[in-house]
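We have chain B; now place chains S and U onto it with these hints.
Residue numbers (this note's numbering), protein chains in the order written: chain B, 1 to 166; chain S, 1 to 128; chain U, 1 to 160.
In short, the hints are calculated from the structure, not lab data. Here the structure is a predicted model, which is why all the values come from computation and not from measurement. Check each hint, because a few of them may be wrong.
Derived Cβ-Cβ restraints for the label pairs, each shown as a range [stated by the list, open to error]:
1) B:G134 with U:T143: 24 to 34 Å
2) U:E43 with S:K77: 46 to 56 Å
3) S:K79 with U:L22: 37 to 47 Å
Residues from chain B that keep clear of chain S, each with C-beta distances beyond 12 Å, as calculated [to be verified]:
4) W22
5) C40
6) T43
7) P47
8) C67
9) D89
10) K115
11) L141
12) D155
13) A156
14) P157
15) L164
16) Q165
We put the beta carbon where it would ideally sit given N, CA and C, even for glycine.
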Amino acid sequence: MCCGKTMTPVTAFAKPSRGQNWLPLLERATQEVFEIMLGCQVTRAEPSEPKVPGGFTAIVGLAGALCGVVTVCCGAKTAGQIAKAMLGDTADSAGQAVDALGEMCNMIAGNFKNKLTGTDERCMLSVPSVISGGEYRFHSLAQGNSMETVVLFEDAPVSIRLQLQN
Amino acid sequence: MDKITALIVDDSSVMRKIVERSLRQAGIELEKVVEASNGAEALTALQSNVVDLILCDINMPVMDGLEFVRQAAKLEKAKGIPIVMITTEGSESHVVQALTAGARGYIRKPFTPDQVKEHVLPVLGKKQ
Amino acid sequence: MTTDTSLVTRSHEENWLPIIELAVEEVFEMMVGCRVKVAAQSENKPNEEFTAMVGLAGALCGILAVCCDAKTAGEIAKRMLGDTADSQEQVADALGEICNMIAGNFKNKLSGSGDRCMLSVPTVISGGEYSFHSLADGTCLETVLLFEGAPIAVRLQLES
Chain B
1 MCCGKTMTPV
11 TAFAKPSRGQ
21 NWLPLLERAT
31 QEVFEIMLGC
41 QVTRAEPSEP
51 KVPGGFTAIV
61 GLAGALCGVV
71 TVCCGAKTAG
81 QIAKAMLGDT
91 ADSAGQAVDA
101 LGEMCNMIAG
111 NFKNKLTGTD
121 ERCMLSVPSV
131 ISGGEYRFHS
141 LAQGNSMETV
151 VLFEDAPVSI
161 RLQLQN
Chain S
1 MDKITALIVD
11 DSSVMRKIVE
21 RSLRQAGIEL
31 EKVVEASNGA
41 EALTALQSNV
51 VDLILCDINM
61 PVMDGLEFVR
71 QAAKLEKAKG
81 IPIVMITTEG
91 SESHVVQALT
101 AGARGYIRKP
111 FTPDQVKEHV
121 LPVLGKKQ
Chain U
1 MTTDTSLVTR
11 SHEENWLPII
21 ELAVEEVFEM
31 MVGCRVKVAA
41 QSENKPNEEF
51 TAMVGLAGAL
61 CGILAVCCDA
71 KTAGEIAKRM
81 LGDTADSQEQ
91 VADALGEICN
101 MIAGNFKNKL
111 SGSGDRCMLS
121 VPTVISGGEY
131 SFHSLADGTC
141 LETVLLFEGA
151 PIAVRLQLES
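Just chain B, with the same shape it has in the complex (with noise of 0.2 Å):
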């Protein structure tokens, strides 16, 4: 993490990591808010497949119990549709576009945490957050597991990804 001072490796002392099972709770919450929400079953898809450039990525904070973040990302396409889907055929705006992703977000974290035994209470979420846009790019401080699940939705990737801190 850091050169040029002593840095030591972990040994024994450390705690098993956390999160090392929690992907397949990952996918099944986000395949549970597509099919409940959109009406429509989606399909895992590799983490390789390219992603659009730009786009539309949607982040909810997770704090207490669990201290992380989760991004669902798609491109502009792709968030029109899911507004469509879960709003009608009047769902024709950018606007709307942005907090169809920013309600997808938020129920696939708060799906997500219900799953996971003993942190419901004390794990919360903080308000979803969207960014569109051309050219940007994401950063995120946490410093503990990552993982990521990509599903299509009418064929176009999204990605869902849930960064830990600790």
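Okay, now just chains S and U, sitting in the frame of chain B:
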């Protein structure tokens, strides 16, 4: 004043640099700085370094600061080494937990070099 | 006789702007080593090339964001880390830590609700072309401060 070896424990490399700088600005001469990005690394560092002072964050992955203080209390090599917490967590319960676990001081971020001096010099046994 | 507590709550939050400003001033003074001052209403807002944000959850639910242009973010990082702050990642880390400390300092100044509010991990967005939207539908407090003459916007957006 004798030079000391400080162990700085924080998962943020930015904060580790700032803590080191603040120690120097507080007039504390550093022979060596040992860094660890979590409590587990810090415990390992204590096995192979002679350390005079530990400055430790609370919220860290793998092993947090409070658990580190509890574990360090059981380590022969850590006996007598003062631990001062430096953290964003400002609630009274966190302060109480840290001090109960064995920390000798508690500095809330943000902090000035004067605050570092105020909390660190007494535990090093130095006059301000 | 009933009391409309919603008005009390709203005006309570609207009084938080000076607390946010003080929290920002303290963090910059202590951690960056320089004074920032609240900008006049007529001052320009920053070109948002870096946005650091941290989520608040619990008794307070919202987002605190710190925005500035790339040059200002770089200057802040240099002040914090010295001349070794030369990568995009270090600049993002530095701004993320500043945002984290402002949020923590702010919530520590609130009596009561601050203790029951926790912070998520900071995230930083950087780039030439993006818009930031929060889904918070409650109070939004914004202040612009000047760091060496350059504007930095600090925004607290709360869920109602």
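So, going through the hints one by one against the coordinates:
1. At about 29 Å, the CB distance of G134 of chain B to T143 of chain U agrees with the hint of 24 to 34 Å.
2. For E43 of chain U and K77 of chain S, the Cβ-Cβ distance of about 55 Å falls inside the hinted range of 46 to 56 Å, so the restraint holds.
3. Checked against the hint of 37 to 47 Å, the pair K79 of chain S and L22 of chain U passes, with Cβ atoms roughly 41 Å apart.
4. Here W22 of chain B stays apart from chain S, with its beta-carbon at least about 14 Å from theirs, past the 12 Å limit.
5. The non-interface label for C40 of chain B is consistent with chain S: the shortest C-beta to C-beta separation is roughly 36 Å, beyond 12 Å.
6. For T43 of chain B, the shortest C-beta to C-beta distance to chain S comes to about 32 Å, beyond the 12 Å cut-off, and the non-interface label holds.
7. Separation of P47 of chain B from chain S is adequate, the least Cβ-Cβ distance of about 22 Å exceeding the 12 Å criterion.
8. Residue placement check: C67 of chain B does not keep its beta carbon more than 12 Å from all beta carbons of chain S (closest about 6 Å).
9. The beta carbon of D89 of chain B sits about 45 Å from the closest Cβ of chain S, which is more than 12 Å, so the claim that it is off the interface holds.
10. The beta carbon of K115 of chain B sits about 21 Å from the closest Cβ of chain S, which is more than 12 Å, so the claim that it is off the interface holds.
11. Annotated as non-interface, L141 of chain B brings its C-beta within 12 Å of a C-beta of chain S; the closest such distance is 7 Å.
12. With 12 Å as the threshold on Cβ separation, the claim that D155 of chain B sits away from chain S holds: the shortest Cβ distance comes to roughly 36 Å.
13. Against chain S, the non-interface label of A156 of chain B holds: every CB pair exceeds 12 Å, the least being about 33 Å.
14. Even its closest Cβ contact with chain S, about 28 Å, leaves P157 of chain B beyond 12 Å, as expected for a residue assigned away from the interface.
15. L164 of chain B, annotated as away from the interface, has a beta carbon of chain S within 12 Å; the closest lies near 7 Å.
16. Chain S draws Q165 of chain B into its interface by the beta-carbon criterion, the shortest separation being 6 Å against a cut-off of 12 Å.
Hints 8, 11, 15, 16 from the list above are not met by this structure, while the remaining hints are.
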